[in-house]
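Student: Protein chains in written order, with the numbering used here: chain A, 1 to 112; chain B, 1001 to 1115.
Derived by calculation from the structure, the hints in this document are not laboratory data.
Mixed in with the good hints there might be a few duds.
In the EDC-like style, the derived pairs of lysine to aspartate or glutamate whose C-alpha atoms are separated by at most 16 Å in a straight line are [claimed, not checked]:
id	chain 1	residue 1	chain 2	residue 2
1	B	Lys1018	B	Glu1067
2	B	Lys1040	A	Asp84
3	B	Lys1019	B	Glu1067
4	B	Lys1022	B	Glu1067
5	B	Lys1019	B	Asp1085
6	B	Lys1041	A	Glu5
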Amino acid sequence: KNQVEQSPQSLIILEGKNCTLQCNYTVSPFSNLRWYKQDTGRGPVSLTIMTFSENTKSNGRYTATLDADTKQSSLHITASQLSDSASYICVVSSNTGNQFYFGTGTSLTVIP
Amino acid sequence: ETGVTQTPRHLVMGMTNKKSLKCEQHLGHNAMYWYKQSAKKPLELMFVYNFKEQTENNSVPSRFSPECPNSSHLFLHLHTLQPEDSALYLCASSQGGGPDHQPQHFGDGTRLSIL
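One chain only, chain B, in its complex shape (with noise of 0.2 Å):
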């Protein structure tokens, strides 16, 4: 049990679908980031928010919109997603937004397939 639960575990969508990825965390953390994990890629940082606030969005297609309605929940609205956004996403948290001394915590991820 890492303290953040990814929600659902397995997604397939079609092209045309809208779907949310759901992440919560229990750890009384401040801050969140959705990550894109591909196969032989590194992590590739998409969005931070830092007390409800989004500090960090590395160039992200708008068809992926996140929201962080508060410190223990962040969402990832999909919708009319490319076959290349088939990959894992991982939700994270950490105490203090920054690339600070904390670890992040992370979730088991979404394995998401694009059909």
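Bound conformation, chain A alone (with noise of 0.2 Å):
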């Protein structure tokens, strides 16, 4: 079954720390995951997106990884800001089926 789940479900962290968010998936055959940032009260945005051969991707201080070998994948934020705060969501396409497949997502809240 293709699924998408990420860890942790929510995440509290100073402000200027950096963090670490995690997406494992099952989804073949792959064909790209994306990280999306979701504030509260407005829709998506893209942040990265990741083909098979690319390892890491960055957007400032947002960093993607992938291991395709291992189906993992990690946004790293370095040097947080209050604005990080918000839900990320993994999304990892394929070229069969149902083709978006979406994770829960993992809710950041950055404190002061």
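Starting from two chains that each stand alone, build the complex the way the hints lay out.
Tutor: Have a look at this one:
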């Protein structure tokens, strides 16, 4: 069964600290993996898209990694800011079937 | 401003009402999507339109009826909804309708509450 699991479910960190969010998937065949940021009351916004051949991709203070062999991805946030407080959603795309498989998200809260 | 506008932002309706959700994208994309987002659950893809043609219908109940008159506009017509249909309904668009490497751009959603 094609699934995407994210951990932790929620996370609280101090402003300025780093954190890492995890995404494990069983989707096959794999096309790409996306990370989205969703602020409260807003729609998701794309952070990165990674294909099979890409191991790491950065977008400012956000760095995503992908290990296609172990089917794991992580999103690392450096020097967190209060505005990083949001839900982070991992989405894995497949070339067949439902095409988009969403995780339930990690809720990140950054406190001063 | 995401380039995808959804109206209304909030909607409260009774189970016997008929209402419509509207989505408009200003990005020149050719694919549009409807998603349902319920608390503690992953986003659920409902419908996909590519060049105005419906290419995906994920076993959505017939009380949800999509309409895509052109590549820039997408509607979701609602009738005889159930309390479990209360959720955030998100519209998205992308350049290309498959799981290619183009990001989806989401609107801010319509928060729907069924009484």
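Student: It remains to establish, for every hint, whether it holds in the given structure.
Tutor: Do the hints match the structure? See the list:
Proposed proximity of Lys1018 (chain B) and Glu1067 (chain B) is supported: the alpha carbons are some 15 Å apart, at most 16 Å. Between Lys1040 (chain B) and Asp84 (chain A) the CA atoms are separated by roughly 20 Å; this puts the pair beyond 16 Å, and the hint is violated. With a C-alpha separation of about 13 Å, the suggested pair Lys1019 (chain B) and Glu1067 (chain B) falls inside the 16 Å cut-off, and the hint holds. Between Lys1022 (chain B) and Glu1067 (chain B) the CA atoms are separated by roughly 10 Å; this keeps the pair inside 16 Å, and the hint holds.
For the hint pairing Lys1019 (chain B) with Asp1085 (chain B), the CA-to-CA distance comes to about 13 Å; that is within 16 Å, so the pair holds. Annotation: proposed proximity of Lys1041 (chain B) to Glu5 (chain A) holds, straight-line Cα distance about 11 Å (limit 16 Å).
The earlier numbered hint that this structure contradicts is number 2, and it is the only one.
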